[in-house]
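Peer 1: Build out the structure end to end from the sequences listed, making use of the hints.
Chains as they are written, first to last, in this note's numbering: chain C, 59 to 218; chain W, 59 to 218; chain B, 59 to 218; chain E, 59 to 218; chain D, 59 to 218; chain U, 59 to 218; chain L, 59 to 218; chain R, 59 to 218.
Calculated from the structure, these hints are not laboratory results.
Even glycine gets a Cβ: it sits at the ideal position worked out from N, Cα and C.
Hints may contain errors.
In silico DSS-like cross-links for lysine-lysine, where the CA-CA straight-line distance does not exceed 27 Å [said to hold, decoys possible]:
id, chain 1, residue 1, chain 2, residue 2
1, U, Lys114, U, Lys148
2, L, Lys114, L, Lys146
3, L, Lys148, R, Lys114
4, C, Lys148, C, Lys114
5, D, Lys146, U, Lys146
6, E, Lys114, E, Lys148
7, U, Lys114, U, Lys146
8, L, Lys114, R, Lys146
9, R, Lys148, L, Lys148
10, R, Lys148, R, Lys114
11, R, Lys146, L, Lys148
12, L, Lys114, L, Lys148
13, D, Lys146, D, Lys114
14, B, Lys146, E, Lys114
15, D, Lys114, U, Lys148
16, C, Lys146, W, Lys148
17, W, Lys114, C, Lys148
Derived DEER-like restraints, expressed as beta-carbon distance ranges [said to hold, decoys possible]:
id, chain 1, residue 1, chain 2, residue 2, range
18, R, Asp212, L, Glu190, 51 to 59 Å
19, L, Ser89, D, His97, 38 to 46 Å
20, W, Pro110, L, Ala84, 17 to 25 Å
21, B, Gly209, D, Ala84, 32 to 40 Å
22, C, Val105, L, His176, 54 to 62 Å
23, U, Thr71, D, Gln175, 19 to 27 Å
24, U, Ser89, E, Pro171, 39 to 47 Å
25, W, Gly209, B, His70, 18 to 26 Å
26, D, His97, B, Thr60, 26 to 34 Å
8 protein chains.
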Amino acid sequence: MTWSIYLSGEIHTDWREQIADGAAAAGLDVSFAAPVTDHAASDDCGVAILGPEPNKFWHDHKGAKLNAIRTRTLIEDADIVVVRFGDKYKQWNAAFDAGYAAALGKPIVVLHPPEHQHALKEVDAAALAVAETPEQVVAILRYVIAGRLAGSTDAAQAAE
Amino acid sequence: MTWSIYLSGEIHTDWREQIADGAAAAGLDVSFAAPVTDHAASDDCGVAILGPEPNKFWHDHKGAKLNAIRTRTLIEDADIVVVRFGDKYKQWNAAFDAGYAAALGKPIVVLHPPEHQHALKEVDAAALAVAETPEQVVAILRYVIAGRLAGSTDAAQAAE
Amino acid sequence: MTWSIYLSGEIHTDWREQIADGAAAAGLDVSFAAPVTDHAASDDCGVAILGPEPNKFWHDHKGAKLNAIRTRTLIEDADIVVVRFGDKYKQWNAAFDAGYAAALGKPIVVLHPPEHQHALKEVDAAALAVAETPEQVVAILRYVIAGRLAGSTDAAQAAE
Amino acid sequence: MTWSIYLSGEIHTDWREQIADGAAAAGLDVSFAAPVTDHAASDDCGVAILGPEPNKFWHDHKGAKLNAIRTRTLIEDADIVVVRFGDKYKQWNAAFDAGYAAALGKPIVVLHPPEHQHALKEVDAAALAVAETPEQVVAILRYVIAGRLAGSTDAAQAAE
Amino acid sequence: MTWSIYLSGEIHTDWREQIADGAAAAGLDVSFAAPVTDHAASDDCGVAILGPEPNKFWHDHKGAKLNAIRTRTLIEDADIVVVRFGDKYKQWNAAFDAGYAAALGKPIVVLHPPEHQHALKEVDAAALAVAETPEQVVAILRYVIAGRLAGSTDAAQAAE
Amino acid sequence: MTWSIYLSGEIHTDWREQIADGAAAAGLDVSFAAPVTDHAASDDCGVAILGPEPNKFWHDHKGAKLNAIRTRTLIEDADIVVVRFGDKYKQWNAAFDAGYAAALGKPIVVLHPPEHQHALKEVDAAALAVAETPEQVVAILRYVIAGRLAGSTDAAQAAE
Amino acid sequence: MTWSIYLSGEIHTDWREQIADGAAAAGLDVSFAAPVTDHAASDDCGVAILGPEPNKFWHDHKGAKLNAIRTRTLIEDADIVVVRFGDKYKQWNAAFDAGYAAALGKPIVVLHPPEHQHALKEVDAAALAVAETPEQVVAILRYVIAGRLAGSTDAAQAAE
Amino acid sequence: MTWSIYLSGEIHTDWREQIADGAAAAGLDVSFAAPVTDHAASDDCGVAILGPEPNKFWHDHKGAKLNAIRTRTLIEDADIVVVRFGDKYKQWNAAFDAGYAAALGKPIVVLHPPEHQHALKEVDAAALAVAETPEQVVAILRYVIAGRLAGSTDAAQAAE
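Peer 2: Here it is in structure tokens:
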């Protein structure tokens, strides 16, 4: 079984690459999906394809709906949803994705710096893991998918 | 049919009362539900009932889970979910509720001031109405539930 | 058990009243629901409540979404969905409602004049009954809900 | 992930080929499905296989049900449903398919000329995109599936 | 909680009355539903309401679909489905109802004489109880709904 | 897309082989599944594997449950369910499978000789096609899966 | 809204009565359901109603299935499932109920003495609250259903 | 079709290997999945990856949730769930898995020594087979997946 992992949320740092690189290094049978991470494209896709809107609300509306075609399909296809909250912006779409995944019964891993802990307590309460670093997410995937844990199963395997 | 309306989100202004009063004045067959809106109780319910936690994460975790018993049950029972975003705080739980309701296929009405428009575009894209005032939400409920629209069906009724 | 019947489609004749009157005369334990049948209100509700739109597409869009809050909720609540196609207009919303009800597994009764037979063959194929008159729909409800059939069970009852 | 796209609706122009050709040219990982587009076969399949019917209603009924085996299975298997409304005929089956897809929670793209806008407002309100040309549908698939947007992500890639 | 019991199957003996009488005597909080048990009405309802059919297949088809409106709605509404197989006829509709109820996850009680045991083994395997007499079904309902068992809880109550 | 076809029902004639051969000859992208068609094995598998039972009811019960592991899994996996009723036996398991498939929303094709028409009217009413011969089932699969109809699309292809 | 609470698990102490009494004293709008708590009746109901079995496995099997009619129906009807583990016996049925409720997405409250903590860690991980006393369960219900918390909202109300 | 089998429960004997070896020897088209069977890793994965917890409850909680990511995903992916109860420990997680699988409608095979029969009667009542040895489970898989039964279909094949 190839596990499908959806990486939702913050798009301004390379956390997705770190997780993908870590998973590749661990040899995991896994595929990653994500929203479109080009901020300008994500904002303007609607009007770029379907025509301009003088009203900013509809400009955004058209784009957000196109993005929803992608994000909802990929979340529904995912075995695990990782949601990352970064330092900036409101990031309501990340919290929306977490709620969406929760209602679908998807296992959720939340990834955020400790200072957001109180504000994210409802999101964390719906998660099966709360991590602070991409390395921890890789370690979770490595354990959950392959059953390997540094210092434990690894030691056992080395001893064989 | 009595319509069940869940009023999610901001708990520091009286918008829920305004909507309930407006619905009562309009004579709608409707019942309202909401999260616990006492901020201190909502934060501390977990440790108050189940015992203290020295670690703030688990303090919050216990409380957020108790609140989830209430909020998820009431969202699943709702015919319409209204989600209010106010001026302050991160309000990730409001966006989480919106995502949760969206995945359940619930009709969503979002209520927020215009300055949040861009940041809420993904949430708005999942909604069937985006309002700026509680009066508009009352007018929506009045139209959707009772089929009455100021200046239109009302005029027709007055003419009879 | 009170049966919930949703009466979808054409809004320019009194077929809903005929069915409701017939059901009342038959003493059926039934409640009826319908879209907002005031054409002007149905078209303009969005902008009347949420503010004007210079672009006709968004004018209609806002209204259609408000109507969707009502229609989808009532279709999902219905035990039987009756869909009426009349003589005029495209009536794509009626066919949309029929498809929506079909995917939810709702029993569908289609009501249309014989000249639409070929064009409606896919809709009819998803229905459990295809009627031509409101009286037939009343007879269906009378049989399905109360088990009474003119000339058969009625005769049996009269003989008792 | 190979995306499954169901192309519902009008069968008298080559819009399906235009979309398939555009998707192939863009190198998208996608598979297309459609109803049987041979009009005569679609009308007569029931009686051709299962025996003649003197009554036109049952003639059509047998055929519409065979077509339903195909269309419902493919809609349920689809990741995105594109529904095309053309210039002629009632096209109630296209609207039916849209309603069916909506109730299943499938992302819907509607494709129609501007003159149908008002009559299709309920269908458009259930869609995540409303396009006027097959080229726009291709651009949507290119963006949604591959994250590439002409003049934006493409420019970024060209600059690398 | 009022328990809804659907009594499917054989319509030529008074087993439904025996169960209803027994439940009433036991004071159970229960409501019963059933197909239309007037054999002639059940066979002819389709053509009686919707017009005659020269072909027996379509004569039966119209009627069977009207009956399906009733039976599927009531099975989906039921908490327990009792399926009775009698001595005569093929009774494929009873087995169909059992399969329908099984796929919906409804608790099934099968009621049949011992000589049908081998032929009904697949149906029995999907049931939570296999009874031979209406009295046993009443005893099951009495135990399951009210927690009362002759000679056990009854004795305990009498001793109080 | 490879279509999965489940062939339920009668196990004493070679109708499954006829359909499989016909589908292979037509070059259809299809896979077939079926219950265990060795009658003795199907009856005795439970006690053969899990130990003997002196009581015939439990002897049958153990076997019927093992068979249910296979049949329910394969029906749930199927895109189309074909149910065959033959000349002999009660065949309640075939009707049960039809009901099970109907409640799951699977397209059903019923295959039976004309003399069973009245007794099978409820089953036929839940089907999208009622055939009398395996050749007709092959023609249905050929049309539904590949869009090819003898004398129509075939002629069109031959003319190219 | 009346909340339905299912009280699963241990049947040898009066914890159900303590919770019901506490909820009544708090004036909560709640109804409680439970398995049959008469141990002998629960063990023997199958053979008492449906006839004796010489083999203990089938003796138990018949009874366990009758109990399943009750327990699964009531768990599916519940808004909250409370699962109590006591000091004695294997109590696998309590853990089974917890897993059943978890897969249905029901909010779970686990009630057990601290010494079972490690053995119940998987069950606790699926719960929204882990309590040690019936009083805590009452306090949870009081907070979740009525929004009242001792020392917090109560103080606020007293101050009014 | 490759059948997915989830092997839940006891982790201290080699029963999983016996079943996998037997299935391989029988040439079955099957894939097996299981929880992490390294006891120490399973207990400590949470704190090893996400940081230490002084409180044993949270130590266990973090680990149990990581394990739930794996186990729930694999159970939901499974076609058949085998649950093994061994001689030692409370094994509440095995019973929880059985309840979880039952609510999802998965076919369940329970594997336990005869002395646990009475305590496991509710779990056994939800199963489609109750086995005592891994060899029996292999024989079940061989029959259910490949339709081969020792002494019956095998003899038939040998005779060909």
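Peer 1: All the hints need checking, so say for each whether the structure fits it.
Peer 2: Consistency of the hints with the structure:
no.	hint	verdict
1	U/Lys114 - U/Lys148	holds (18 Å)
2	L/Lys114 - L/Lys146	holds (22 Å)
3	L/Lys148 - R/Lys114	holds (23 Å)
4	C/Lys148 - C/Lys114	holds (18 Å)
5	D/Lys146 - U/Lys146	holds (15 Å)
6	E/Lys114 - E/Lys148	holds (18 Å)
7	U/Lys114 - U/Lys146	holds (22 Å)
8	L/Lys114 - R/Lys146	holds (23 Å)
9	R/Lys148 - L/Lys148	holds (7 Å)
10	R/Lys148 - R/Lys114	holds (18 Å)
11	R/Lys146 - L/Lys148	holds (11 Å)
12	L/Lys114 - L/Lys148	holds (18 Å)
13	D/Lys146 - D/Lys114	holds (22 Å)
14	B/Lys146 - E/Lys114	holds (23 Å)
15	D/Lys114 - U/Lys148	holds (23 Å)
16	C/Lys146 - W/Lys148	holds (11 Å)
17	W/Lys114 - C/Lys148	holds (23 Å)
18	R/Asp212 - L/Glu190: 51 to 59 Å	holds (56 Å)
19	L/Ser89 - D/His97: 38 to 46 Å	holds (41 Å)
20	W/Pro110 - L/Ala84: 17 to 25 Å	holds (23 Å)
21	B/Gly209 - D/Ala84: 32 to 40 Å	holds (38 Å)
22	C/Val105 - L/His176: 54 to 62 Å	holds (57 Å)
23	U/Thr71 - D/Gln175: 19 to 27 Å	holds (26 Å)
24	U/Ser89 - E/Pro171: 39 to 47 Å	holds (41 Å)
25	W/Gly209 - B/His70: 18 to 26 Å	holds (22 Å)
26	D/His97 - B/Thr60: 26 to 34 Å	holds (27 Å)
Against the hints set out earlier in the document, no violation occurs for any number.
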